[in-house]
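The task is simple: from the sequences and hints, build the whole structure.
Protein chains: 6
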Amino acid sequence: MNEKYKKEFVTYFNGEIVPDSEVKVHYSDSSMALGYSVVDCARTFSHRPFKLRDHIERFYLSMKAVRIDPGMSPDEMERITLAVLEANIPRIEPEMDVWLNQQISGGKNLRAIGGFEFADPALIISSPPLTLPDYAHLYDTGVHAVTPSIRHIPPQTLDSKIKHKSRLFMCMGEFEVKAVDPEAFSLFMDLKGNLTENKGANFFIFSNGILQTPKTDNALDGISRATMLELANKLDIPTSEKDIQPFHVINAEEAFFCSTSYCILPITRFNSFTVGSGKPGPVFQRLIQAWSERVHTDIIAQAKGRVADKVS
Amino acid sequence: MNEKYKKEFVTYFNGEIVPDSEVKVHYSDSSMALGYSVVDCARTFSHRPFKLRDHIERFYLSMKAVRIDPGMSPDEMERITLAVLEANIPRIEPEMDVWLNQQISGGKNLRAIGGFEFADPALIISSPPLTLPDYAHLYDTGVHAVTPSIRHIPPQTLDSKIKHKSRLFMCMGEFEVKAVDPEAFSLFMDLKGNLTENKGANFFIFSNGILQTPKTDNALDGISRATMLELANKLDIPTSEKDIQPFHVINAEEAFFCSTSYCILPITRFNSFTVGSGKPGPVFQRLIQAWSERVHTDIIAQAKGRVADKVS
Amino acid sequence: MNEKYKKEFVTYFNGEIVPDSEVKVHYSDSSMALGYSVVDCARTFSHRPFKLRDHIERFYLSMKAVRIDPGMSPDEMERITLAVLEANIPRIEPEMDVWLNQQISGGKNLRAIGGFEFADPALIISSPPLTLPDYAHLYDTGVHAVTPSIRHIPPQTLDSKIKHKSRLFMCMGEFEVKAVDPEAFSLFMDLKGNLTENKGANFFIFSNGILQTPKTDNALDGISRATMLELANKLDIPTSEKDIQPFHVINAEEAFFCSTSYCILPITRFNSFTVGSGKPGPVFQRLIQAWSERVHTDIIAQAKGRVADKVS
Amino acid sequence: MNEKYKKEFVTYFNGEIVPDSEVKVHYSDSSMALGYSVVDCARTFSHRPFKLRDHIERFYLSMKAVRIDPGMSPDEMERITLAVLEANIPRIEPEMDVWLNQQISGGKNLRAIGGFEFADPALIISSPPLTLPDYAHLYDTGVHAVTPSIRHIPPQTLDSKIKHKSRLFMCMGEFEVKAVDPEAFSLFMDLKGNLTENKGANFFIFSNGILQTPKTDNALDGISRATMLELANKLDIPTSEKDIQPFHVINAEEAFFCSTSYCILPITRFNSFTVGSGKPGPVFQRLIQAWSERVHTDIIAQAKGRVADKVS
Amino acid sequence: MNEKYKKEFVTYFNGEIVPDSEVKVHYSDSSMALGYSVVDCARTFSHRPFKLRDHIERFYLSMKAVRIDPGMSPDEMERITLAVLEANIPRIEPEMDVWLNQQISGGKNLRAIGGFEFADPALIISSPPLTLPDYAHLYDTGVHAVTPSIRHIPPQTLDSKIKHKSRLFMCMGEFEVKAVDPEAFSLFMDLKGNLTENKGANFFIFSNGILQTPKTDNALDGISRATMLELANKLDIPTSEKDIQPFHVINAEEAFFCSTSYCILPITRFNSFTVGSGKPGPVFQRLIQAWSERVHTDIIAQAKGRVADKVS
Amino acid sequence: MNEKYKKEFVTYFNGEIVPDSEVKVHYSDSSMALGYSVVDCARTFSHRPFKLRDHIERFYLSMKAVRIDPGMSPDEMERITLAVLEANIPRIEPEMDVWLNQQISGGKNLRAIGGFEFADPALIISSPPLTLPDYAHLYDTGVHAVTPSIRHIPPQTLDSKIKHKSRLFMCMGEFEVKAVDPEAFSLFMDLKGNLTENKGANFFIFSNGILQTPKTDNALDGISRATMLELANKLDIPTSEKDIQPFHVINAEEAFFCSTSYCILPITRFNSFTVGSGKPGPVFQRLIQAWSERVHTDIIAQAKGRVADKVS
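Chains as they are written, first to last, in the numbering used here: chain E, 1 to 312; chain H, 313 to 624; chain C, 625 to 936; chain L, 937 to 1248; chain F, 1249 to 1560; chain B, 1561 to 1872.
There may be inaccurate statements among the hints.
Below, computed lysine to aspartate or glutamate pairings styled on EDC-like, alpha-carbon distance capped at 20 Å [claimed, not checked]: (1) K866/C to E854/C; (2) K839/C to E117/E; (3) K490/H to D69/E; (4) K1135/L to E1189/L; (5) K1775/B to E1790/B; (6) K1135/L to E741/C; (7) K1312/F to E253/E; (8) K1272/F to D1680/B; (9) K1738/B to E1365/F; (10) K242/E to D221/E; (11) K178/E to E495/H; (12) K1215/L to E1119/L; (13) K504/H to E1177/L; (14) K1356/F to E1790/B; (15) K1044/L to D758/C; (16) K192/E to E1256/F; (17) K960/L to E944/L; (18) K1527/F to E1365/F; (19) K1426/F to D1382/F; (20) K688/C to E1256/F; (21) K1624/B to E1189/L; (22) K1668/B to E1256/F; (23) K839/C to D1491/F; (24) K108/E to E320/H.
These are calculated hints, taken from the structure and not from any lab test.
In C-alpha cells, the structure reads:
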C-alpha cells in the first residue's frame, strides 16, 4: 500500500478520529491473539460511497455471528464512516477513490485460562486509498486462476459467509498458487471438490448463455456478487447459483472474479488451461460497462489513468 | 490478565526491549488483517525456563510451515527470550512464575490486490505473569470437557501442528461449550468424529491401564503432551497414540488436559457424563507429582498459594 | 403421557381392537430386537382427521422401503384407523384431540443365525390423546433450538425419509441439547454441516422475504412440512428448499419447527443466539392463523385451554 | 427360534422370573418407540457360563453411554443371570447350550413433546436355547461374506461400541446381501471404505502370517474378538488391529467371523471371490480347536450333533 | 460384437481409412499404459447420423479437459466421421444401424521417468454395427438396476463429465451387480450416497409427475440425457435436476436409463425392489414413441426385428 | 524411450515371442476400451532379475482383484519372463539394464450392452531397456515433490494396491505439478489430506530418527517400498507406517521416492519448501549404498555412465 498517502489519512479508532499511523493495537487484543475479528469493506466511486448501507448491514450480520457487540447502531456506524470519508476528502486526489472499511475485534479476554469473557472490542473505521495501478493491466490481460491443493475451510468449522480475519489457510493457498504463476489468483476448492471463491473475491463463469456462480455454502455472500447478479438481470443475461467444478471452467466461454475494489476482472486462464478465447470477452465488456454506468465512473479508465500518473 | 503487573513488565518488540504496554501493532499488519501469525509459549517454574529450547525449535517449525523468516537463529531467539526474562525477574514475585512467549506476524503485504509479497514481520518476545489463581480450584474439582457442534479445522485446510493464531473457529466452539457450563473446556471433534484437542491444550485418557492420546493428525504436537509421555514412561505407565471417540471418554477411568500453563488438569466430567469416579484420580496424582518433582516446584501448591494471596 | 386417559382408550392390535394397555409385544419381535419398525402419525382437529390419507400413503412408502408387507390395502388401513377413532370418540373430551398412529414391526426372524426371513409383523393402530398442555406455553415464548455435536444419520446408512423407530442416535442428541437448556429442542446437522431436522419435526427459516426449509436429503419429507409450503403459497409467501447453515439461522428474521402435534412452534433462540426479535414474529402469526382456519380449530387457544383445565 | 423349547423357559422381567412368553412390553416403551435399548449376550458351554462377567461389564459400559441406570450393581445383575440359568437348567437338553442375555430399555418418556425425562426402564434377563443346527453346516462350507452398498453408521452419529438395538440400517444391509446369496453374511464398509463388522459378529483375516482385525472405530469391541486375540496369542499367532479393505480379503489366506453363538465361522467367499483355498483353513482349525479346549466342549461336534437329532 | 460384420467395416486410423481389424495400437501408447484416452459415441437412425455435431463438440470438451490436441478442427472431425459412415454404408444391412465413434489417446510419453511430454495421439473414428438384439427384450421386461458397494469416482479425482476410458472401477462395480442378477445394470452411488449413473448411461426417475435426473456433479452431461429433457419438454412433462437417493427410486412410479445405443430402457426393479408396477410404464411409452418420431425410426421394432432375423 | 533399442527387442504376446514393435492390440480390447488391465514391473541389475518372484506374485494379487485369469501358473509366468530376458540379453549393452514387465487386459467383452462376460485377455511380457540417463542427475539435485489439487482415488472406488492402468486422474495431477516446475514429481493427497504416493513410486520421509512411509490405504504395497524397509532394518534405522501430512514433509530431515527403476531418489523440495538441507542427505546415501551392495551394482554410477555415453 502507498505509505505516503496512507500516513496522511485519518481513521476512527475506538471513539476518536486520529492519524491512521496511530491506529495500533496491543498484541493481547483478541484480533492478534486469536484471529477474533470481523470486517467489511465498501468503496467510493468518484468520491461517492457505493452500497455503503449494504456493507454495514452485512458487518452487523458478521458481528452477530461471532458474538461481538459494537455498542452502536448501524446508523451511528454509517454516520462515523461518512465522517471519516469527509475528513479525508481533501487528501484524496480527484481521480482517486478510497475504501470505506469497518473492522472490529473481540476485545480482550478478561479471564485467562478456561474462562471466556471479552471486553473492549477494538473498532476501526478507515478510508485508505485504493491502489488502482496494482491491477489496472489485468482488465486487459485477464487473471490466471489457480486451485491450490489446500481446501477451503468447511462451514461446520467456520462459515465463510462471515467476513472474518482468521485467514491463515488462505495465505497458505495463495503462496501455493504464486508458485505456479506469480500473478495467479487463488480459487479454492471445498472438501467435496467444488470451486468456491478467491481469498478476497467471488467467482463466476459464463457458459451456455448463463452467468453462473457457486452457492454461498463455502463462500462470502458478496455485495459485489449481488451487484453482478443485478447487472446481469438488467442486461437480460440469465443467472444461476450452482455447484461449479474445474471441468466447467475449462470449458466455459468466460469467467470472472468480482470484488469491492476492482469490481470485475476477467479470468483468461485456469490451472494453465486457456479459458474461452484467452482474452476478456464480450460478457465481461457488457458487465463492466454497466457497472461503470451505474457508478458514473469509467472503472477501467480510472484504474489505467492512475498507472499513467505513476509512470510520468 | 492482571493489568497492574503486566504494565510493569518489559517485552522485546522488533529489536528493542520496551514496556509491554507499548507493544502495539498497526492494524494493517498481517497478524490483524489475515490472522497470519504464529506463536510459541514456554513457561518458568520457580523462575527457571522449562524446555525453552524445545519451544523455540517448534516455533521455527511453525514459522517454516507458514513461510515466515524471523531473520535470526534459534540461538539468538533463545538469547533474547532469556534477556527478557532476566529484565523482568525483579518484577516477578517470588512465588509467581511467567510465560516465555515468542510470536511473529507475516508482516505487511507490499502488494495490494492480487500480489503477495510480505515484509517487516512483527516479532514479539514477552514474559507476562501466569494467572495461576484462575485455575487453581480445577486441580480439585476437575474440568468439564464438552464437545461443541463445531468441528476442528481439517489438516488439508490448516494443519493444527502449526501453533497459529487464526483461531476464530475455536472461539466459536468455546462459546458453544460455555453455554452448557460456564466453566467447561472445549474438546473438539474432527470431521470423522474423533476427539482432538482443546483450544489450548492436548487431551489424554487413562483406560485399561494405558495412557492414551489422539494422534497429531488434528492436534498440536504439544511439548506438554511430550512431557506427559515422558513422565508416564518414567512411572512405567504404558502409553499409546490412537483415535479416541466419545465412548472411550465416557468409559475411561481418568482423563486429562495438559498445557504449558497448568501442566495437567483432570477431566471429571465429559458432555455431562461423570468420568471415572468424578474426582481427580490416582494417575493424575502420580503424573502431577512427577511433573512437580521434575521442575522442583509443587505445581498445585503454587497455584493455590496465589489464590490465598488474592483473597487476603 | 396422561395415563388416566390412555388406559381407557382402545387400540387395534394385529386384527383386534383391544384396550390400549393390553397392546404388548414380546421382546423377540424385531421392533425391540433390531429397531426394525416404521410408523406414521396423523392427528384430529376438533375430532376430524387431518390429511389422514397422506399419512397412510407415506406409511406405505416407509413400509416398502424397509421391505415390510402389512397384508392389507391402504383403504383397509384407513378404515381401521377411522374405526379406532370412532371407538374412542366417547372417551375424548370435547376440547381435546387425538393422534391417529399406525406402526408396524418387521415381525420375528424365523431363522436365527445368518438367516433372514421375517414373519408376523406386529401392526398397531392407535389414537392416544394429544398432550397439548405440554407445549402450550411455547407458542408464546418460542423454542430454543440447539445443534448437538452428534450428527444426523447419513442417507447411505439409513434414509431419514423413512419414518422409522431406530432412533437411539437422536435420543443421544436430545440429551446433549437438554444439557444446554432443559427446554431446548434438538436441531441436527448432517455430516456436511447443513441443518436438517428435529427429532420429530421439520425446520424452517424466514429470511429475505422467503420461507426456506432444508431439502429432504437428510430429513423426513414431512406432511406438516408440505402443509407449511401450501399455507405459504396461499399467503403469497415465496418458499424455497435449500441448504441451511447455522449462519442463516443466526441472521434469520424468524424460524420454526413444524410437526403433526403442535403444527408450528416459533424458534426464538438458536445455540443461545437470539433469532430475529426473540419473540414469535408476524410470519409465524400468519401461518398459525391460516393453519387454524384450514382445520376450523384455534390451534393455540385449544392448547392453552387444556392448560387452564388442568390447573382448575 | 424353536418355539417349543422357548415357551418352557423362564425369564427375568423387571423384578420377577416369569415364563418367557409372558415377557411383553407395551408399545409406548422407548425400546419400541425410539429403538432406545441396549443389550449384551453371553452363552454357556456345556451349561457353564463363558466370560459372563466380561459381558455384564460391557453391558454397564453400553448403559452408561446411553444414559440408562439399571438401578442395580453388576454383582446383582450377574446373580440374577445365574438364577435364570439355574431355573432353566432342567429344561436344557444335555447336549444343548443357551444364551445368557441382558437387555434394557430407556423406559418411558414422562414428558411428551419437547421434554425428555425417562422412567421405568424394562430390564429382561433371559437364557433362550442356542439354535446350533442353523449354522452347523457352515463350519464345513464356510460363509460367503458380502459388502452391501449401505454403509455402517458413523461413530459421530452412533458408536458401534455400544451394543444397541437401533439396527434398522443393518437389517437393510442384510437384505441386500441376501439378494446376492441367500446364505451370505453382511460385512459392512464404513464411510471411508474400510471393512468393519457383520450385523452380529466381528471380522478377521489371516494374511502374511498375521491375524488381523479392524480397529473398533466402527465396530463392537467384541468379547469373542478378545477371545480370538487371546487364543492367537496362546498359539503364537501374531495379531494386529488395522484398517482392512476389500483387497486384503480377496488376497487373504483365511478370513473369519466370530461371535458369541458360533464362536468362529470361516469365510470362504467374499463378494463372490474365493478366499484362500475356498475351504476352512488350518488357522481356523487351530483356533476353533483351542476355543473348544478352553471351554471343554467340542464346538463343531456339538453343533452337528444337534443337526443329527433334528434329522432323526 | 458380431465379428463377421465388423471385419468387413472400415475405420479411420491416424490419417487413413483401413479395415477395422487392422486398427491396432502398440501397448506403449498411453491409452493402454495409463488409461489416457477419451471418446465420444453417436449413432445413426435409419442410416442418418443423430446429433453428430453435439457429440463431436463434447468430444472437444473432453479432449481439452485432458489436454489432448487432435490437430484438426471439429469440422474436419465431422467430415471424416461422415466419410467413414459413407464408406461403410454398403456393408450396413437396411434395417441395421451403426455407432459413430471418435476416440483418441494421449499418445506416447516422450520422456520416461519423471518427465511428461506426449506426442502422436492415436485417433480412431469408427462406425461398428449396433448389436440391437442384445437388448431388444429389455424394452419389454425392463432392467434391474443395482447399486454396487463400490462408489463412483469423485470429481476432485476425475470428472465424470469427461467421457474417458479409465473405467476399471466401473468394471469392478459391474461385476458386483452381475453377482446379484446376471442381467442387472450398475447404478453407482457417489461418496455422499446419491445415485449417479450407469457405466454407460444416464439415469432418470418419474415421480410426483416430474421427470427427474441427477445433476452432473458425478455423471456425464449426456447427449441422450439432453434428448430426454427435450422430449419431456415437448410432451409437457415437467423436469428437474436433483439429488436422487435409493428411497426415491424405490417409491418412484417409473425409472429409466438412457444412452446413445438403446435410447431409453425402463428400470422395473431396483436392488430387488419392484419399481412402480414392475412393468414399462406410460411415461416410458410416451418418451420412446416421441424419440422414435424424432428419428423417423421405430426404435423398439427395429431392435426386435433384428432378433427375429437372428433366429430365422 | 529409446526407439532404436526397443525395436530390436522381443516381447511375449499371447503365446508367442515376437519383435516388440509387433505387439499391437485392437482398440476394442478392454485395456483400451475400459482401462481394464493390470501390470507389474521388475527390473534387472547387471542383467540379473531382482525380486522377480515377488513381482509376479503381486501380479497375481492384482489379477485376482480385478477378476482376470491368465490361464497359467506363476511358475509358467516366471519361466516366460526369463525366456524373454534371455532372448534379449544379446541386445542389451553390458552397462545397461532392462525392465521385466508383465501386463494383461480383461480381454474383449463378448456381450455388448448390459452384458459383461470377457474372453481372450491380452498378455504381454516384455523387457524394454531402462532409460537411466533420464533421471541420473536427480540423484544429485534431488526431486521437487508437488501436491496437485487433484486427490488420489479413494479405495472404495478403486484400490491403489491393485497395480492397474486406469490412471487418467494421475496424468491430470502430473500435468498440474509440471505447471509448478517442469521437473516436479507428483505427490498425491487422499480425500482426508494425507499424502499417499507418486504416479509410479512410493514415498518416505526421515524425521526424528525414523524412516516413515504412508500406510497402503491409498498406495501401492510396493516391492521397492518393502526393499526400503528391509534395508533400513539392516542399517538399524527404525521404521514406521503412519499418516503423513504436508507439515511433516516441510519439517522432515530427508524425504524420498522409491520405485523399481531408479530405486531411490531424494526429495529436496516440497511444494517449493526446502526439505532438510536442500541436498541429498546421509540417510539417502546409506540407503542407496546398501541397495547397490544388495544388487551388486553401483546404482548411481550406472545411471550416470549412461549419460556419458549419450553425450559422447
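Checked hints:
no., hint, in the structure
1, K866/C to E854/C, "holds (17 Å)"
2, K839/C to E117/E, "violated (37 Å)"
3, K490/H to D69/E, "holds (18 Å)"
4, K1135/L to E1189/L, "violated (23 Å)"
5, K1775/B to E1790/B, "holds (16 Å)"
6, K1135/L to E741/C, "holds (15 Å)"
7, K1312/F to E253/E, "holds (13 Å)"
8, K1272/F to D1680/B, "holds (15 Å)"
9, K1738/B to E1365/F, "holds (10 Å)"
10, K242/E to D221/E, "holds (14 Å)"
11, K178/E to E495/H, "violated (45 Å)"
12, K1215/L to E1119/L, "holds (16 Å)"
13, K504/H to E1177/L, "holds (19 Å)"
14, K1356/F to E1790/B, "violated (35 Å)"
15, K1044/L to D758/C, "holds (16 Å)"
16, K192/E to E1256/F, "violated (48 Å)"
17, K960/L to E944/L, "holds (16 Å)"
18, K1527/F to E1365/F, "violated (53 Å)"
19, K1426/F to D1382/F, "holds (16 Å)"
20, K688/C to E1256/F, "violated (52 Å)"
21, K1624/B to E1189/L, "holds (13 Å)"
22, K1668/B to E1256/F, "holds (19 Å)"
23, K839/C to D1491/F, "holds (9 Å)"
24, K108/E to E320/H, "holds (18 Å)"
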